[in-house]
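Letter by letter, the sequence shown follows residues 1 to 98 in this note's numbering.
Quick caveat, the hints were computed from the structure, so don't treat them as lab data.
Given the structure is predicted, the values throughout are model-derived calculations rather than measurements.
Every residue, glycine too, gets a C-beta built ideally from N, C-alpha and C.
Take the hints with a grain of salt, since some may be wrong.
Simulated restraints, written as ranges between beta carbons of each label pair [claimed, not checked]:
| id | residue 1 | residue 2 | range |
| --- | --- | --- | --- |
| 1 | 1 | 22 | 16 to 22 Å |
| 2 | 7 | 29 | 19 to 25 Å |
| 3 | 47 | 17 | 42 to 48 Å |
| 4 | 50 | 8 | 53 to 59 Å |
| 5 | 48 | 27 | 30 to 36 Å |
| 6 | 26 | 67 | 49 to 55 Å |
| 7 | 67 | 38 | 32 to 38 Å |
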Amino acid sequence: MDEEELAGFITRDPLAWRIWMSGYETGLAQGHQDERAGMEDLADLVARRQLVLEHCREEIRAELANTMTMAQVRRAREHTRVGNYAGGVVAWDRDGHE
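Starting from the given sequences, assemble the full structure and let the hints guide the process.
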């Protein structure tokens, strides 16, 4: 039986039509339930992430500052060449190492 014959049988036979529609309604209802559950899961995930971000705000700020400092250090290293020191205080000499 091909699709056209099956469709003809379902639309002509009242029992087949009720069975078909019952299955369709069940599938549609399950799809809506799955969508709601997915949205609830998404909302829960977003709420948890927001709580973590709020709880770890200071750590995130410290990490951001550290990341920015490391980026500045990398840029400074990229622009530093042997023999181009023009004098002045060197950070590691501040402690009086001689």
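Hint-by-hint comparison with the structure:
1. Residue 1 and residue 22 have their C-beta atoms about 20 Å apart, which keeps the hinted 16 to 22 Å range intact.
2. Separation of residue 7 from residue 29 is about 23 Å and conforms to the stated range, judged on CB atoms against 19 to 25 Å.
3. With their beta carbons about 45 Å apart, residue 47 and residue 17 fall inside the hinted range of 42 to 48 Å.
4. At about 55 Å, the CB distance of residue 50 to residue 8 agrees with the hint of 53 to 59 Å.
5. In this structure the hint that residue 48 and residue 27 lie 30 to 36 Å apart at CB holds, the actual value being about 31 Å.
6. Remark: the range hint 49 to 55 Å for residue 26 to residue 67 is upheld by a beta-carbon distance near 53 Å.
7. For residue 67 paired with residue 38, a C-beta distance near 34 Å keeps the hint of 32 to 38 Å intact.
Going down the numbered hints, you'll see the structure goes against none, and every one checks out.
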